[in-house]
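Take the sequences, apply the hints, and build the full model.
Chains as they are written, first to last, in the numbering used here: chain A, 904 to 1322; chain B, 904 to 1322.
Check each hint, because a few of them may be wrong.
One copy or two, it doesn't matter: identical chains are merged, so the pair holds either way.
As the list claims (entries may be wrong) - Subject to a maximum C-alpha distance of 30 Å in a straight line, what follows is the list of computed DSSO-like cross-link-like pairs (lysine-lysine):
(1) Lys1291 <-> Lys941
(2) Lys1092 <-> Lys1246
(3) Lys1246 <-> Lys1194
(4) Lys922 <-> Lys1302
(5) Lys1194 <-> Lys992
(6) Lys941 <-> Lys1214
(7) Lys1092 <-> Lys1214
It is worth saying that the hints were derived from the structure and are not from the lab.
Computed from a prediction, not measured in an experiment: that's the story for all the values here.
Protein chains: 2
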Amino acid sequence: MAFSEFRPLHDNSLIDYIKSVPALSSKIANDFDNLFVKEVGDGNLNFVFIVLNSAGSFVIKQALPYVRSIGESWAMTKERSYFEWLALKEKGRLCPEHVPEVYHFDRTMSLIGMRYLEPPHIILRKGLVAGIEYPLLAEHMADFMAKTLFFTSLLFRTTSEHKRDVAEYCGNVEMCRLTEQVVFSDPYKVSEYNRWTSPYLDHDAEALREDNLLKLEVAELKSKFCERAQALIHGDLHTSSMMVTHESTQVIDPEFAFYGPMGYDIGAFLGNLILAYCSQDGHADQANDRKAYKEWILKTIEDTWNLFQHKFTALWDEHRNGAGEAYLPAIYNNPEVQLLVQKKYMTDLFHDSLGFGAAKMIRRIVGVAHVEDFESIADAAKRATCEKRALDLAKTILKERRNFEGIAEIVSAIRKYES
Amino acid sequence: MAFSEFRPLHDNSLIDYIKSVPALSSKIANDFDNLFVKEVGDGNLNFVFIVLNSAGSFVIKQALPYVRSIGESWAMTKERSYFEWLALKEKGRLCPEHVPEVYHFDRTMSLIGMRYLEPPHIILRKGLVAGIEYPLLAEHMADFMAKTLFFTSLLFRTTSEHKRDVAEYCGNVEMCRLTEQVVFSDPYKVSEYNRWTSPYLDHDAEALREDNLLKLEVAELKSKFCERAQALIHGDLHTSSMMVTHESTQVIDPEFAFYGPMGYDIGAFLGNLILAYCSQDGHADQANDRKAYKEWILKTIEDTWNLFQHKFTALWDEHRNGAGEAYLPAIYNNPEVQLLVQKKYMTDLFHDSLGFGAAKMIRRIVGVAHVEDFESIADAAKRATCEKRALDLAKTILKERRNFEGIAEIVSAIRKYES
Chain A
904 MAFSEFRPLH
914 DNSLIDYIKS
924 VPALSSKIAN
934 DFDNLFVKEV
944 GDGNLNFVFI
954 VLNSAGSFVI
964 KQALPYVRSI
974 GESWAMTKER
984 SYFEWLALKE
994 KGRLCPEHVP
1004 EVYHFDRTMS
1014 LIGMRYLEPP
1024 HIILRKGLVA
1034 GIEYPLLAEH
1044 MADFMAKTLF
1054 FTSLLFRTTS
1064 EHKRDVAEYC
1074 GNVEMCRLTE
1084 QVVFSDPYKV
1094 SEYNRWTSPY
1104 LDHDAEALRE
1114 DNLLKLEVAE
1124 LKSKFCERAQ
1134 ALIHGDLHTS
1144 SMMVTHESTQ
1154 VIDPEFAFYG
1164 PMGYDIGAFL
1174 GNLILAYCSQ
1184 DGHADQANDR
1194 KAYKEWILKT
1204 IEDTWNLFQH
1214 KFTALWDEHR
1224 NGAGEAYLPA
1234 IYNNPEVQLL
1244 VQKKYMTDLF
1254 HDSLGFGAAK
1264 MIRRIVGVAH
1274 VEDFESIADA
1284 AKRATCEKRA
1294 LDLAKTILKE
1304 RRNFEGIAEI
1314 VSAIRKYES
Chain B
904 MAFSEFRPLH
914 DNSLIDYIKS
924 VPALSSKIAN
934 DFDNLFVKEV
944 GDGNLNFVFI
954 VLNSAGSFVI
964 KQALPYVRSI
974 GESWAMTKER
984 SYFEWLALKE
994 KGRLCPEHVP
1004 EVYHFDRTMS
1014 LIGMRYLEPP
1024 HIILRKGLVA
1034 GIEYPLLAEH
1044 MADFMAKTLF
1054 FTSLLFRTTS
1064 EHKRDVAEYC
1074 GNVEMCRLTE
1084 QVVFSDPYKV
1094 SEYNRWTSPY
1104 LDHDAEALRE
1114 DNLLKLEVAE
1124 LKSKFCERAQ
1134 ALIHGDLHTS
1144 SMMVTHESTQ
1154 VIDPEFAFYG
1164 PMGYDIGAFL
1174 GNLILAYCSQ
1184 DGHADQANDR
1194 KAYKEWILKT
1204 IEDTWNLFQH
1214 KFTALWDEHR
1224 NGAGEAYLPA
1234 IYNNPEVQLL
1244 VQKKYMTDLF
1254 HDSLGFGAAK
1264 MIRRIVGVAH
1274 VEDFESIADA
1284 AKRATCEKRA
1294 LDLAKTILKE
1304 RRNFEGIAEI
1314 VSAIRKYES
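Encoded structure:
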């Protein structure tokens, strides 16, 4: 059976496909008699199959030419699968501890075969909704972000490597366009896809569309997203893009990857943690008031940035005499100037991260794609209260981001929006 | 005779080549009997032949695989010729009034055939050294920069068009690397290619290498140059990249073209006008004290920015309901926000232009490639006085650029460095 042109795999053709690919069939010892196959894709875009038996396991992820959560009316290139594979390989090379191994890629079929992240791995967002603490999360995500961003930036790379890869990832333009629309545009205009907890947030949604200063700042962020090729970013690093256990953090789904601003990744993660925080009051009950859990989230936010900053500058120090084009050792060769440039770089990156993080928060409350953190709060009034708090906080952070001098001040700001 | 692989053309093979290309030979009515051929390349990089007879004329520009002004030891891809041709075509389409027509391109031979800019066209820099006023220069250059930058930016283009072209011009990486080295790196470190008017500027050259705050700012500019794909820039828009008469301004030599920050082009032009200004005292004599000419240069600097700003925002207003991705009409649809975003955009662009312009001034005084404005001042002491004034001014502009609110303040700053 040949798979010489694209077609969506269903359970039967999936088996035929696996039989035709030794890199996959060998993982299950070519034993198809007691095979467990289950479609588990719950994201917005793709189909995901778990394939396992007693001998082994893997996951098949296939991109379809439309946005799954919207339907065939919203076309979406399946070529994203190619860029997801490229990014998985590159990020896996740079940070194998936190990226699942890839076994197979088929560009014609827009199909990736990769490691099955076995239980108790769950999507982080589900863990956050359930109130589960992950003691290593901040450390792991700081590690993933520091390594994948530093090693693909001009702090480490030559201009030749950089421009070659920038050009390659320009091909992932459809995914960039999707982000531009749903993150930077739709929330600030009337759009058929926008939705929010109505009628509670009707006024807030309208206020966004009339907030000139906010729109001015959003334009600056959008321009950075479109124009600034700072590093190979994941491009969608929210809390549903990682699977976790107490010991393990695995980053998945980099199909939005391209050369963009680092702050977009850091902000996505921090912004979604803040959303998780703001949703906790909606999940509190008599058995668990979630107060301790909220403190853990705040600590994770603070630790993530501080550890990231520490790891990123440590990589910089370690490789300061390397081939990176940005700060040539012959120029930035004294401790004083090194300190100056690092402080400026990290401050700018911090402010970028806050801006992008806040924009990501806003779009999850009034845009097309919402988050389970809030959606799972059944009581609409209660949900709206949580969402409004998050929205107001995001607007403040976005507009005032340059006045925040450190992550501790952000944590203070989050606490202020408590009451 | 075939030209199936690259070889440098000399007068004889040049004729054979022209005979083999109808697009060229037809320009001179296929008459080779009374042909005038002259090599006139005086730039740093290429060979340029004028070919003319009574029937017509053209210019042949051929790139060689090294930097002409340094020699074969400094290799330089001849593929730059392809990007020069691409950029000439694109800029010619956007602003035909100020870009010479291209007749022919041969990628194998790295050869462009184009309009011969007949006398009295001369290189602008030579006119500035000679003290000639060009009453339309500011208007023409503002027009060229406004059109070529606006129409290749996301103010006018879609993301798809933008990423496609960004990827293409990533191929011109060797020229970007050359700029990174000679503009943003060499002047701030010890480099075998650096030179300056010694011993007068020995201390100043050393001071640059020890100025941490300056190096901090230069790093930010370099990062913008390397990472920010804002528009298709010329990439080398100094006063030797245009040929002029009283009525005509023709921009040539875009072999450094790529998607970069707009301010790099605007700054190159303004910075080189400031260099011209600073050199005038070295050219003054009893017949001409150059005072009136200096005023004309200042007026041209001021007019260029003001006219550019006016033309650029007029294009923006005209196309505000077009397909440009940056400021969607559905979001930026009220006069108040439109004013806000334009003011911010133009202020940021002004500060970028000042920074890049100042960096270009510095490198012309202490780097590898100097300018005739100063080089033609025979008296070294007098030359050094002019250069030092320009250098100090450039350092101030580079470090303080964000404090300048308009071009009039720059003109005042230039006057201050007079004495």
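Handout entry: Those earlier numbered hints the structure runs against, lowest number first
Key = 1, 3, 4, 5 and 6
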